[in-house]
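Assemble the complex: chain P is given as a structure, and chain R must be docked to it using the hints.
Residue numbers (the numbering used here), protein chains in the order written: chain P, 635 to 1058; chain R, 3 to 263.
The hints are simulated quantities; they were obtained by calculation from the structure and are not laboratory data. Please note that a few of the clues may not be correct.
[Stated by the list, open to error] Okay, the calculated bits of chain P under chain R, using three or more residues with CB under 8 Å as the criterion:
hint	segment
1	677-684
2	944-957
3	983-989
4	1029-1036
[To be verified] In silico BS3-like pairs for lysine-lysine, Cα to Cα no more than 30 Å straight-line:
hint	chain 1	residue 1	chain 2	residue 2
5	P	Lys869	R	Lys123
6	P	Lys1036	R	Lys190
7	R	Lys103	P	Lys855
8	R	Lys136	P	Lys1036
9	R	Lys103	R	Lys190
10	R	Lys84	P	Lys1053
11	R	Lys218	P	Lys718
12	R	Lys177	R	Lys84
13	R	Lys140	P	Lys869
14	P	Lys945	R	Lys102
15	R	Lys103	P	Lys849
16	R	Lys243	P	Lys1053
17	R	Lys126	P	Lys931
18	P	Lys869	R	Lys103
19	P	Lys945	R	Lys218
20	P	Lys1053	R	Lys103
21	R	Lys123	P	Lys876
22	R	Lys103	P	Lys1036
23	R	Lys120	P	Lys931
24	R	Lys224	P	Lys945
25	P	Lys931	R	Lys123
26	R	Lys244	P	Lys1036
27	P	Lys1053	R	Lys224
28	P	Lys1053	R	Lys244
29	P	Lys931	R	Lys103
30	R	Lys243	R	Lys29
31	P	Lys945	R	Lys244
32	P	Lys945	R	Lys243
33	P	Lys876	R	Lys102
[To be verified] Between beta-carbon pairs, the in silico distance windows are:
hint	chain 1	residue 1	chain 2	residue 2	range
34	P	Leu769	R	Glu225	42 to 50 Å
35	R	Gln62	P	Tyr842	55 to 63 Å
36	R	Asn139	P	Gly902	34 to 42 Å
All C-beta atoms, glycine included, are put in the ideal place defined by N, C-alpha and C.
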Amino acid sequence: MNLFSPETLLYLMSNGFRVYVIFLFFEALFQKNRAPKRRIFIGFFGYFLLNSVVFLYYERPLINLIVNLVFLFGLTNLYNIRIKLRIFSIMLVCILDLVCESIVYWFLTGILGGSYPTTGFVAPDLLMLFFVVVLQKLLEIKHGNRISLWQFFCIISVPIASIFIVAVILWEMPNNYLDVATTVVILLMNVVIFRLSNIIEGYYRQEYQLAVQQKQKDIYKSQIILQRDVAQWLKQFRHDMKNHLIALRHLVDSGRYEELSQYIDDMGERIEVKGEYAQSGNFTVDGILNVKLHEAKQIGSELTLEVTIPKRLGICEIDLNIILGNLLDNAITALSETSDRRLSVKLECDRNVLFIGVSNTYGGTISERNGFFFTTKESKIEHGFGLASVRSVVERYQGELKLQYDGCHFFATVVLYMKETRQE
Amino acid sequence: MFTIAICDDEVSICSQLENMILDDAKKFPTEPDVEVYSSGEDLFQDLQQRRRFSDGEEAQPVDLLFLDIGLKALDGICIGRKIREELEDENIQIVYISSKKEYAMELFDNRPMNFLLKPLKRDKINQIIEKAMKLANKGRHVFEFYKGKRHFRIPISQIIYFESNKRKIRLVTEKQEYEFYGKLVDVKNKLGHEFITIHQSHIVHIQYIAMYSYEKITLVSKEELSVSQPYRAAVREALLKKKGGEFCESFQSGNIAVFNE
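Chain P on its own, in the form it takes in the complex:
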């Protein structure tokens, strides 16, 4: 067998592409549980070589299949996963392989009524890429990450379009190197576009992280300003104490006990500084609650707040920020659309379980789609994604988010199991 004949070269290139697709498949399935890059590269390259050699020199399909399975199993050793998952993933690869080849075969012989060797060779691999991209996106949705539908369609259209191009350009079995080169270029293009898309996604994700951190900084800032106001006020109050004491003494001496009682109540009330609702001692919680509750108060809502949590919680600040921030944002948006504005917030820590409850009144009607809630008037996309973020954080603490509503009240309740290490 001539190693450098166009057919062989074509086979090698498309097999290489196929191995790359298997690599992507494993990445999507196993996430980061893998050996360092160098070993991965050597491993997959080794698989490619062995696989190609076996296919080229032994023409028996059954042996090829078995040997392929064995090599795949060896490949899974690069990943730190349990036996069950390994076997499952290998089976999935084989099934995917089979499905792609069958689809292409059926399409070519059944529908087009002919055999188009080059296409039949290369198309299944491109189809595999298509499926792997779909799988990747599905897994991302499952993890609560945003995916852009537009970007998704752009990406999957590339392998499909490539199949079309390959079919049109390369009708017969290649007998010259130009055909092979053309096909290789198309395959490489797919790889490049796919890589590019991942990089762009990475940037989006970074941007999102930065936005969350920025929001958090803003909240810290307002909390610091608030505490500075409190300190300022107290200083003033202490200074005024002298006058207060004189007034109190006067009221006592002249027996005006009614007025005295009122005066004392007034003093008690004034000790609460305007805009300071939460004083749990937990900086993040107080920060977010103060900002959001103030917003709600500004639009005239009746507030109820109950916070019984220790100063240090076994949940990290960013996560608290995401949960409380999103739930309260949703609540405030809903409140602004009704005339009966009531908001109730509760945080309770008990036996390592953190309970968070946010209830609010709302206007309009609620429509539910895929577990996401929207009211008729709000921006649907913002609202839906806020809850998705909350869900993914809650999942990380193995907790649960429950959303309920009746005619005019909406309830969001969360329980979380806190981590042993306490927040600093």
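Positioned in the frame of chain P, the structure of chain R alone reads:
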């Protein structure tokens, strides 16, 4: 019989609270007895005394304790810990009285029922007393079983958990263990919501759970029991329902405690 204890080194708080409770005493399902202590040591000594006699039922145990966090000498955190660890009393409901809204983590280790802020509000106090009475009532129910010809009646408040092994059920209380023949399913049917099933062979009294996590629970005795896969979601859901239930109901009924508690 329902005994409420108040412990605060500020006499004014003690008498204010005592008066508030006695004023509304008739409104409660049971008329409570109120005992006042001005120091942590006095309180603890008395609790010890009552515990010693509880078997012979001469002195009544304290059901609800309003405890000042900032006591001099033995402070609230310390007393709470001594009650839970030295006296090993999980039945007494502890409500901490405090003047600030910041709470140290150690307070939560004593498993308090709630926190009361100064200035004292009558509504909140009544709410707390009613809830404590409900819990105490449930605790007085007994669990009955037969072992051979002997009939046993164990108060729910003492039962920590049930464990099944083949056809035998093991009932574990603070002081001792009992064994009898039966099926866990039947046991479960006789019990209320104070018990949760965490495993095919374990049913636990939530009052004796010190810590929850998704895969296991830790009892107050530091013993760990694992929550098996099929029950994890159910346990979590029960927690959510319990804590969320009250929260949602009070919002719905428009029963709003005015902001600032």
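Cross-check of the supplied hints:
With a cut-off of 8 Å between beta carbons, the segment 677-684 of chain P has 0 residues touching chain R; three or more are needed, and the interface restraint is violated. Beta-carbon proximity to chain R at under 8 Å applies to 3 residues in the segment 944-957 of chain P; the threshold of 3 is reached and the given coverage holds. Counting residues of the segment 983-989 of chain P whose beta-carbon sits less than 8 Å from any beta-carbon of chain R gives 6, enough to reach three: the coverage restraint holds. Counting residues of the segment 1029-1036 of chain P whose beta carbon lies closer than 8 Å to any beta carbon of chain R gives 4, which meets the minimum of three for the stated coverage.
In summary, the hint linking P/Lys869 to R/Lys123 is supported, as the alpha carbons are separated by about 28 Å, within the 30 Å threshold. Between P/Lys1036 and R/Lys190 the alpha-carbon distance is near 26 Å, which keeps this suggested pair within the 30 Å criterion. Straight-line distance between C-alpha atoms of R/Lys103 and P/Lys855 comes to about 22 Å, which keeps the hinted pair within the 30 Å bound. Simply put, R/Lys136 and P/Lys1036 have alpha-carbon atoms about 27 Å apart, close enough for the 30 Å limit, and the pair holds.
Distance hint between R/Lys103 and R/Lys190 is unfulfilled; the C-alpha atoms sit about 40 Å from each other, more than 30 Å. For the given pair, R/Lys84 sits about 26 Å from P/Lys1053 by alpha-carbon distance, which is consistent with the 30 Å threshold. Taken as a hint, the R/Lys218 and P/Lys718 pair is honoured in the structure, with Cα atoms around 24 Å apart against an allowance of 30 Å. At most 30 Å may separate the alpha-carbon atoms for a hinted pair to count; R/Lys177 and R/Lys84 meet this at roughly 18 Å.
A C-alpha spacing of about 51 Å is found between R/Lys140 and P/Lys869, which places the hinted pair above 30 Å, so the restraint is violated. The hinted pair formed by P/Lys945 and R/Lys102 meets the criterion: a straight-line CA distance of about 12 Å does not exceed 30 Å. Of the pairs offered as hints, the one joining R/Lys103 and P/Lys849 holds, with about 26 Å between alpha carbons and a cut-off of 30 Å not exceeded. The straight-line distance between the Cα atoms of R/Lys243 and P/Lys1053 is roughly 22 Å, inside the 30 Å bound, and the hint therefore holds.
Of the supplied pair hints, the one linking R/Lys126 and P/Lys931 holds, its CA atoms being roughly 23 Å apart against a limit of 30 Å. Distance restraint check for P/Lys869 and R/Lys103: the Cα-Cα separation of roughly 20 Å lies within the 30 Å cut-off, and the hinted pair is therefore satisfied. For the proposed pair P/Lys945 and R/Lys218, the alpha carbon gap of about 25 Å is at most 30 Å, so the pair holds. Annotation: proposed proximity of P/Lys1053 to R/Lys103 holds, straight-line Cα distance about 23 Å (limit 30 Å).
Annotation: proposed proximity of R/Lys123 to P/Lys876 holds, straight-line Cα distance about 29 Å (limit 30 Å). The hinted pair formed by R/Lys103 and P/Lys1036 meets the criterion: a straight-line CA distance of about 28 Å does not exceed 30 Å. Taken as a hint, the R/Lys120 and P/Lys931 pair is honoured in the structure, with Cα atoms around 24 Å apart against an allowance of 30 Å. The suggested pairing of R/Lys224 with P/Lys945 holds, with an alpha-carbon distance near 24 Å, which does not exceed 30 Å.
Distance hint between P/Lys931 and R/Lys123 is fulfilled; the C-alpha atoms sit about 23 Å from each other, no more than 30 Å. A distance of roughly 13 Å separates the Cα atoms of R/Lys244 and P/Lys1036; the hinted pair therefore holds under the 30 Å criterion. Restraint check for P/Lys1053 and R/Lys224: the C-alpha separation of about 18 Å stays at or below 30 Å, so the hint holds. Under the criterion of a C-alpha separation no larger than 30 Å, the hint pairing P/Lys1053 with R/Lys244 is consistent with the structure, at around 21 Å.
Restraint check for P/Lys931 and R/Lys103: the C-alpha separation of about 21 Å stays at or below 30 Å, so the hint holds. Distance restraint check for R/Lys243 and R/Lys29: the Cα-Cα separation of roughly 28 Å lies within the 30 Å cut-off, and the hinted pair is therefore satisfied. Restraint check: the Cα-Cα separation between P/Lys945 and R/Lys244 comes to about 24 Å, which is no more than 30 Å; the hinted pair holds. At roughly 25 Å between alpha-carbon atoms, P/Lys945 and R/Lys243 fall within 30 Å of each other, so this suggested pair holds.
Distance hint between P/Lys876 and R/Lys102 is fulfilled; the C-alpha atoms sit about 24 Å from each other, no more than 30 Å. For the hinted restraint 42 to 50 Å between P/Leu769 and R/Glu225, the CB-CB distance of approximately 44 Å keeps it satisfied. Against the hinted window of 55 to 63 Å, the Cβ-Cβ separation of R/Gln62 and P/Tyr842 comes to about 60 Å, which satisfies the hint. In this structure, R/Asn139 and P/Gly902 meet the distance hint of 34 to 42 Å, their C-beta atoms being roughly 36 Å apart.
In this structure, the earlier hints numbered 1, 9 and 13 are contradicted, and the remaining ones agree with it.
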